[in-house]
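Visitor: Order-wise, the sequence lines are chains A and B. Residue 430 is where the first sequence starts when you use this note's numbering, and the numbers rise one by one after that. Residue 9 is where the second sequence starts when you use this note's numbering, and the numbers rise one by one after that.
Any given hint might turn out to be false.
Stated by the list, open to error - What follows is a set of in silico ranges between Cβ atoms, one per label pair, in the way DEER data are often shown:
(1) 56(B) - 538(A): 17 to 27 Å
(2) 573(A) - 168(B): 22 to 32 Å
(3) 487(A) - 129(B): 50 to 60 Å
(4) 61(B) - 487(A): 54 to 64 Å
As the list claims (entries may be wrong) - Not everything, but these chain A residues come out facing chain B in the computed CB check (under 8 Å):
(5) 517
(6) 529
(7) 555
(8) 556
(9) 653
(10) 654
(11) 656
(12) 657
Quick caveat, the hints were computed from the structure, so don't treat them as lab data. Just so it is clear, the structure is predicted and the values come from calculations on it, not from any experiment. Even glycine gets a Cβ: it sits at the ideal position worked out from N, Cα and C.
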Amino acid sequence: MNKILDLLDPLLILSATLMGVALYLIFIWVPTETNQGAVQRILYFHVPVAWGSMLGIFVVSGSSFMYLLKKNEKWDRLAVASAEVGLIFGGMMLLSGMIWARPVWAVWWTGEAKLTTALILFFIYVAYLMFRSYFPPGAQRQRLAAIIGVIGAIDTPIIYFAANLWSQAPPPLITGPAADAESTLGSDLGTVLLVSTLAFTFLFIFMVQTRYKIRKSEDDVVELKRASSASAMTGVN
Amino acid sequence: MMSNVTNTAIRVVALRIALAMILAFAVSISLTQISSAEHTPPVNGIVVGVETDDDGALTRFAVSDSTGTIHTFTIFKGTEYGLENQAGDRWVSIQEAEPSEAARRLRDHRERFAPITVTSENGTAFSVVEREEGKLETNLGYLFAVFAVTWALFFAYVLYLGRKQRVLQHEIARLKGASGK
Numbered sequence: 430m431n432k433i434l435d436l437l438d439p440l441l442i443l444s445a446t447l448m449g450v451a452l453y454l455i456f457i458w459v460p461t462e463t464n465q466g467a468v469q470r471i472l473y474f475h476v477p478v479a480w481g482s483m484l485g486i487f488v489v490s491g492s493s494f495m496y497l498l499k500k501n502e503k504w505d506r507l508a509v510a511s512a513e514v515g516l517i518f519g520g521m522m523l524l525s526g527m528i529w530a531r532p533v534w535a536v537w538w539t540g541e542a543k544l545t546t547a548l549i550l551f552f553i554y555v556a557y558l559m560f561r562s563y564f565p566p567g568a569q570r571q572r573l574a575a576i577i578g579v580i581g582a583i584d585t586p587i588i589y590f591a592a593n594l595w596s597q598a599p600p601p602l603i604t605g606p607a608a609d610a611e612s613t614l615g616s617d618l619g620t621v622l623l624v625s626t627l628a629f630t631f632l633f634i635f636m637v638q639t640r641y642k643i644r645k646s647e648d649d650v651v652e653l654k655r656a657s658s659a660s661a662m663t664g665v666n
Numbered sequence: 009m010m011s012n013v014t015n016t017a018i019r020v021v022a023l024r025i026a027l028a029m030i031l032a033f034a035v036s037i038s039l040t041q042i043s044s045a046e047h048t049p050p051v052n053g054i055v056v057g058v059e060t061d062d063d064g065a066l067t068r069f070a071v072s073d074s075t076g077t078i079h080t081f082t083i084f085k086g087t088e089y090g091l092e093n094q095a096g097d098r099w100v101s102i103q104e105a106e107p108s109e110a111a112r113r114l115r116d117h118r119e120r121f122a123p124i125t126v127t128s129e130n131g132t133a134f135s136v137v138e139r140e141e142g143k144l145e146t147n148l149g150y151l152f153a154v155f156a157v158t159w160a161l162f163f164a165y166v167l168y169l170g171r172k173q174r175v176l177q178h179e180i181a182r183l184k185g186a187s188g189k
């Protein structure tokens, strides 16, 4: 059996190197933001993990759709792997957001639209994985999970546009196609955010790849057990 | 076999290109940092003078640093402010938006001897903010909390994956052994 968690994997090395560069930029290079002070540096961690969380649900949705189309096990494995890693990134997004909100807004949590839709995304991941855990294994489970995965992605554009859809949302859009022109990041801040996002994207891909291989091994174990019990049955007959 | 060798070669080349790009990026950033370091360093100190025009809009102010040196700064319409009142509420604005409020806030700081940090160029203030070092511990506490909690979560997940991998390896070896493969 090949080593699954390969510490010399180029993706991991690339991610770790970029993470080192990102840490240097975050803590030493980038100037302290005027409005929030040092705590604003949480942005360079919070936004990339939020991006990873949204990327995760897109991969879950895309691979679930492909599974429904092709009925190939590899798409199902990719959806599970991405959902699990997406859940981790979603958890990081919520935690970092809450810790950031406390000094800036003086609350840990509010019922504001962006936060609520982000929490819903986290629950979509939880629901998807819980469904897979509790539903009996088989083609029906994979089909229904794939449908949940496809539907789950609807939440992602809602999170992104929440600041524009509901006026009470405090943080304006600073990146992406719908970004508010007056609220865009300066070049230094944008550079750091870009490097950090790249680092976390590579980390996300590495983790999904690792989880995919583990999922493949789990399927191999099920297959071996099935073959072993079939041969035992033949022996008995 | 041949395909494996080709894949490895492609991976190594891709990794080298990526590392070269990162190195080039790091060098360019270092050069930018060196050039930015030549700018006037920020001044930390206590407000000792505030000057306004007939409309009450801030025009100049003076800061005394820890050595007693007085620095006088002029204002332009893009000067940024990030100042807190005694209760800790932060007021964020630019000169163009609230010129008289800036004067009021600086006078309040002068009365309270609350230190500020001013970044400037040729005597023109670009940003006037609450002295960051004063609140560094509080802010860094939150920053530390984010990194500690979330990285702990990440490493816990990696450990979970590692343990799962070991269990699966044992299981596969056992099943293969039992079936005589």
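Visitor: All hints are to be evaluated individually against the structure, with a verdict given for each.
Guide: We went through each hint and held it up to the structure:
1. A C-beta distance of roughly 43 Å is found between residue 56(B) and residue 538(A), which places it outside the suggested range of 17 to 27 Å.
2. Checking the proposed 22 to 32 Å range against residue 573(A) and residue 168(B) shows it holds: the Cβ atoms sit about 26 Å from each other.
3. Taken as a hint, the range 50 to 60 Å is violated for the pair residue 487(A) and residue 129(B), whose Cβ atoms sit roughly 45 Å apart.
4. In this structure the hint that residue 61(B) and residue 487(A) lie 54 to 64 Å apart at CB holds, the actual value being about 55 Å.
5. For the restraint placing residue 517(A) at the interface with chain B, the shortest Cβ-Cβ distance is roughly 5 Å, inside the 8 Å limit, so the hint holds.
6. With its C-beta approaching chain B no nearer than about 7 Å, residue 529(A) sits inside the 8 Å limit, and its interface hint holds.
7. Interface restraint check: residue 555(A) against chain B, minimum CB-CB distance 15 Å, threshold 8 Å, status violated.
8. A cut of 8 Å between beta carbons decides the hint on residue 556(A): the least distance to chain B is about 19 Å, and the hint is violated.
9. Interface hint status for residue 653(A): upheld, as the beta-carbon distance to the closest one in chain B is roughly 4 Å, under 8 Å.
10. Satisfaction of the interface hint for residue 654(A) is found here, the shortest Cβ-Cβ separation to chain B being roughly 6 Å, below the 8 Å cut-off.
11. Against a cut-off of 8 Å between C-beta atoms, the interface hint on residue 656(A) holds, since the closest Cβ of chain B lies about 7 Å away.
12. Satisfaction of the interface hint for residue 657(A) is found here, the shortest Cβ-Cβ separation to chain B being roughly 5 Å, below the 8 Å cut-off.
When each numbered hint is compared with the structure, violations occur for hints 1, 3, 7, 8.
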